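For any residue, its number in our numbering is found by taking its place in the sequence shown, counting from 1, and adding 21.
Among these hints, one or two may not hold up.
What the hints assert, rightly or not - FRET-style restraints, in silico, Cβ to Cβ: (1) L220 / H54: 26 to 34 Å; (2) I156 / E39: 23 to 31 Å; (3) L167 / K228: 38 to 46 Å; (4) T255 / L106: 32 to 40 Å; (5) W73 / V223: 40 to 48 Å.
Unchecked claim - Taking lysine to any residue and the SDA-like style, the derived pairs with C-alpha atoms no more than 20 Å apart in a straight line are: (6) K228 / D151; (7) K93 / T46; (8) K161 / H216; (9) K135 / F108.
Since the hints were made in silico from the structure, they are not lab data.
These numbers were taken from a predicted model, which means no experiment stands behind them.
Note that beta-carbon positions come from the ideal geometry of N, C-alpha and C, so glycine has one too.
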Amino acid sequence: MESQSKVKFKGYSINYIEPVSGPITGETVITVHGTGFTDTGNIRCRFGTPGWFSITQAKYIDSGTITCPSPKAPFSFSIPKQGQLPFNVPFDIAFIEDEYEPWTDTAHTFTFYKDPVLLRNSPKEGNTTDIKTVIVEADKSAKYSLPSALIYEEIYDVIGDDVTHKSSNTFQYQPMKCKFGRFGTTEATYINETHLSCLTPVITDDKNIGYEKVDLEVALNGQNYVKGKDVTYTFKGPGSQWMVWVYVILILFIAILAIILILLATSIWGKKEDDSSQVRGKRIKYFNCSS
Numbered sequence: 022m023e024s025q026s027k028v029k030f031k032g033y034s035i036n037y038i039e040p041v042s043g044p045i046t047g048e049t050v051i052t053v054h055g056t057g058f059t060d061t062g063n064i065r066c067r068f069g070t071p072g073w074f075s076i077t078q079a080k081y082i083d084s085g086t087i088t089c090p091s092p093k094a095p096f097s098f099s100i101p102k103q104g105q106l107p108f109n110v111p112f113d114i115a116f117i118e119d120e121y122e123p124w125t126d127t128a129h130t131f132t133f134y135k136d137p138v139l140l141r142n143s144p145k146e147g148n149t150t151d152i153k154t155v156i157v158e159a160d161k162s163a164k165y166s167l168p169s170a171l172i173y174e175e176i177y178d179v180i181g182d183d184v185t186h187k188s189s190n191t192f193q194y195q196p197m198k199c200k201f202g203r204f205g206t207t208e209a210t211y212i213n214e215t216h217l218s219c220l221t222p223v224i225t226d227d228k229n230i231g232y233e234k235v236d237l238e239v240a241l242n243g244q245n246y247v248k249g250k251d252v253t254y255t256f257k258g259p260g261s262q263w264m265v266w267v268y269v270i271l272i273l274f275i276a277i278l279a280i281i282l283i284l285l286a287t288s289i290w291g292k293k294e295d296d297s298s299q300v301r302g303k304r305i306k307y308f309n310c311s312s
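Start from the sequences, fold in the hints, and give me the full structure.
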C-alpha cells in the first residue's frame, strides 16, 4: 500500500492592500500588508476570480509586506463584456505552486478604472505665499470616477498552519491627489464627475522663485498621475518682481535701440538724398555751359 503524504505549508494572510485601485492600463504598485509572508521566490498576486483573472509576480519585502504591480499590456486584465469601468475584482496572493490551491480567500478587492482626460484648470497662477483652491476640469467622455475608497482591513492570528480571523474594520481613506511639479502634492476633493479641487502646496523656501510654470497632474489612486495639455499652474515668487523690472528694462532697451536705428536710417537716407541733389545740380550746370 502506497503511503500518502500530506502537503503542508505555513499559513499566511492579507491584512490590507494599498492603493485599492488603479488604471486599467496597469503598472500600479500595490503594497500588500499581512502576516506569515516568506520569500519563496514565486510570490504572486491574482486579480479576479479563478475563472477570469490576471496574475503578476510579487516582490518580498519582509514577513509582513510584499509588493506587486497590477497587470499591464499584453497581459492587462480584460473586463467581461457585460462589465464596465470602474470594475471591482477579488484580490488574492499565493506563495507556492497553483496545484496546491494556495490562494488566499478574503474580502479584499482591487478596482480598475479609466484614466480621466484633463481639460483645464482655474486659476492658472498664484503667489508662492498664497494657498489657493484650484479647480481641475475633466472631459465628459473621460470623467472622474470614484475609485478611491475606504481600505478594508482584516486581522488574523497565524500560528503554524492555522490562520484564525480576529476582526475586520475600515481604517484608512485612499485619497485622490494633485501634483504641482517639484513643489509637491496635495489631497484632491471630488466635486462631481467632471470637477475636482485641490489646494496649492505650502512653499517654505521661495526666495529663488520668479515665474515658474509646472504641470498640474491628478492621481485618482494617489499614485498613477495623469496630465493634461493645458493643465498647468504658474507660481509667482519674490523673484518675479525683479523679473518684471528686467522685462521693463529689456523692452526699454529694445525701444531705444529701435529709435536709434530709425534715426540712423533716416540720417543715412537724408544724406543720400542730399548727395543725389548735388549730383543733379552739377549735371544741370554742366549742361547749361555746354549749350
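Comparing the hints with the structure gives:
{"no.": "1", "hint": "L220 / H54: 26 to 34 Å", "result": "29 Å, holds"}
{"no.": "2", "hint": "I156 / E39: 23 to 31 Å", "result": "27 Å, holds"}
{"no.": "3", "hint": "L167 / K228: 38 to 46 Å", "result": "40 Å, holds"}
{"no.": "4", "hint": "T255 / L106: 32 to 40 Å", "result": "33 Å, holds"}
{"no.": "5", "hint": "W73 / V223: 40 to 48 Å", "result": "46 Å, holds"}
{"no.": "6", "hint": "K228 / D151", "result": "14 Å, holds"}
{"no.": "7", "hint": "K93 / T46", "result": "6 Å, holds"}
{"no.": "8", "hint": "K161 / H216", "result": "10 Å, holds"}
{"no.": "9", "hint": "K135 / F108", "result": "9 Å, holds"}
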